[in-house]
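Visitor: Generate coordinates for the entire structure from the input sequences, incorporating the hints supplied.
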Amino acid sequence: MTELLVGTRKGLFALVGEPGRKFDVAARAFAGEPVEYAMRDPRSGRLIASVTSAFYGPKLWYAEDPSGAWEQADGVALPEDGGAALERIWVIVAGESEGSLYAGGDPGVLFESGDGGATWELNHALWEHPTRESWQAGGGGLCLHSIVPWPGDPDRLALAISAAGVWLTEDGGETWRQGNKGLVARYLPEEAREGATALCVHRLHRARRRPERLFLQFHGGVYRSDDSGETWADIGAGLPSDFGFPMVLDPADPDSAYVIPLEADLDRVTPDGRVRVYETRDAGAGWAARGDGLPQQDAYLTILRHAFDRAGDGETLELYFGATSGDVFGSGDAGASWFGAATRLPPVLSVTASR
Amino acid sequence: MRVRGPLRQLAGGCSEHAIEGATVAELLRELERDNPAMGGWILDERGLVRRHINVFVNGERRGAEAAVDPADRVDVLPAISGGMTPR
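If you're matching them up, the sequences are chains Y and Z in order. Under the working numbering, think of the first position of the first sequence as 4, with each following residue one higher. Under the working numbering, think of the first position of the second sequence as 117, with each following residue one higher.
Since the hints were made in silico from the structure, they are not lab data. Be careful, since some hints might not be right.
Pairwise CB distance ranges (calculated) [what the hints assert, rightly or not]:
(1) Y:Asp295 - Z:Gln125: 46 to 52 Å
(2) Z:Gly128 - Y:Glu124: 24 to 30 Å
(3) Z:Ala182 - Y:Glu124: 47 to 53 Å
(4) Z:Asp191 - Y:Thr122: 55 to 61 Å
Cβ-to-Cβ under 7 Å is the rule here; a few derived chain Y residues that face chain Z [claimed, not checked]:
(5) Ala57
(6) Phe58
(7) Gly78
(8) Ala80
(9) Leu81
(10) Glu83
(11) Ala88
(12) Phe342
Using N, Cα and C, we set each Cβ at its ideal position, and we do this for glycine too.
Guide: As structure tokens, this is what we get:
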């Protein structure tokens, strides 16, 4: 059985089912509240959810069961003398040491938990980074949306912030440096691109079996790094558009990546009214459309940055994505064919899958 | 001071609280101190009242710096603007 945790504008939906047919709604939590992200920690089975009440601000919650009692996590706040308030938690990621979790949020902040998500602490090195004053927010705020651990090494981590680029640490977050060489901000004047830090990364992932390899969806451009994020090469040629938000990798294949192109930054819908996922199996040398079973006519969907995920890998790779239309689509065969997993949900903000 | 909805739940089900203070901000800080589970729900890290929370003193909407008297009744309510799409 596959479980999808679907964060929506109006609550969290836990869907369960088997690939190929519609999933059942097993639970709904935080009714009426925006649930930006929810994940099940694969080690403990615990659920962690990010909820930003329009009234009461951003909170993290945890539970053992989506329909059970949710507890508010402690420590998810900025320093009282910092002159800023936490706006939102964008993403939650399991770390490499036992009980370790990371959460990224707006304004460009990283929180760490060592007890499975019950208590959190701000990463002060990033919060107090001397370049912070120069960081620019993207349209969604100054969002730290991607956190990619290095398999087996809790000291090595890469982050992405919109629009403050890629950040790297090799000392467990004691120090941070930028990893942006090769990223081209086409939205800036040519003479302003060299050395620019206003880099609007949309999503970042690491190839699990070749951890020095990273894939990145940019605000115009899809990139790959083979040197742990030091330098980047554009691999977007062959896509109908290199603008988009979400990205998924097959952990079994370091040459794989899936993206869902959108028309352009000023028209954030699936191109030509056709919903297509694009796959590479040669590290971006070529891309193939995977749309069998997806709407191919008059379908202008928007898929947000965290609304695409996978379960399994290799021969058993399943893919799932949700749209702001409230549709959720799935594939049980690595994108070769697709089915409707849910319809008429509230606008989908995030999807995470587990099996 | 009166609270409702989730704030009441966070205060152990108690909707009315007798609190002393000279201003609305002092009352809110005291309310959060008395009810630690409510910390961060009304006031953000800067000590500012959250954007979509309204405070009424004797039925009139007032700011955090408004002075209050011991006999005043203060209501903390979600604003009707709170249904706006968050960014």
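Visitor: If a hint holds in the structure, say so; if it doesn't, say that too.
Guide: Outcome of the hint check:
1. Taken as a hint, the range 46 to 52 Å holds for the pair Asp295 of chain Y and Gln125 of chain Z, whose Cβ atoms sit roughly 48 Å apart.
2. Between Gly128 of chain Z and Glu124 of chain Y the CB atoms are about 27 Å apart, so this pair conforms to the stated range of 24 to 30 Å.
3. For Ala182 of chain Z paired with Glu124 of chain Y, a C-beta distance near 35 Å fails the hint of 47 to 53 Å.
4. Distance hint check for Asp191 of chain Z and Thr122 of chain Y: the Cβ-Cβ separation is about 33 Å, which falls outside the suggested range of 55 to 61 Å.
5. Because the smallest distance between the Cβ of Ala57 of chain Y and any Cβ of chain Z comes to about 4 Å, under 7 Å, the interface hint for this residue holds.
6. The beta carbon of Phe58 of chain Y is positioned within 7 Å of a beta carbon in chain Z (closest approach about 4 Å), and the interface hint is therefore held.
7. Interface hint status for Gly78 of chain Y: violated, as the beta-carbon distance to the closest one in chain Z is roughly 10 Å, over 7 Å.
8. Evaluation of the Ala80 of chain Y hint against chain Z yields a held restraint, the C-beta minimum of about 5 Å falling below 7 Å.
9. A cut of 7 Å between beta carbons decides the hint on Leu81 of chain Y: the least distance to chain Z is about 5 Å, and the hint holds.
10. The criterion of a C-beta within 7 Å of any C-beta in chain Z is met by Glu83 of chain Y, whose closest approach is roughly 5 Å, and the hint holds.
11. A distance limit of 7 Å between C-beta atoms decides the matter here; for Ala88 of chain Y the minimum to chain Z is near 4 Å, and the interface restraint holds.
12. Given the 7 Å rule on beta carbons, the hint for Phe342 of chain Y is violated: about 30 Å separates it from the nearest Cβ of chain Z.
Comparing the model with each numbered hint stated earlier shows that hints 3, 4, 7, 12 do not hold.
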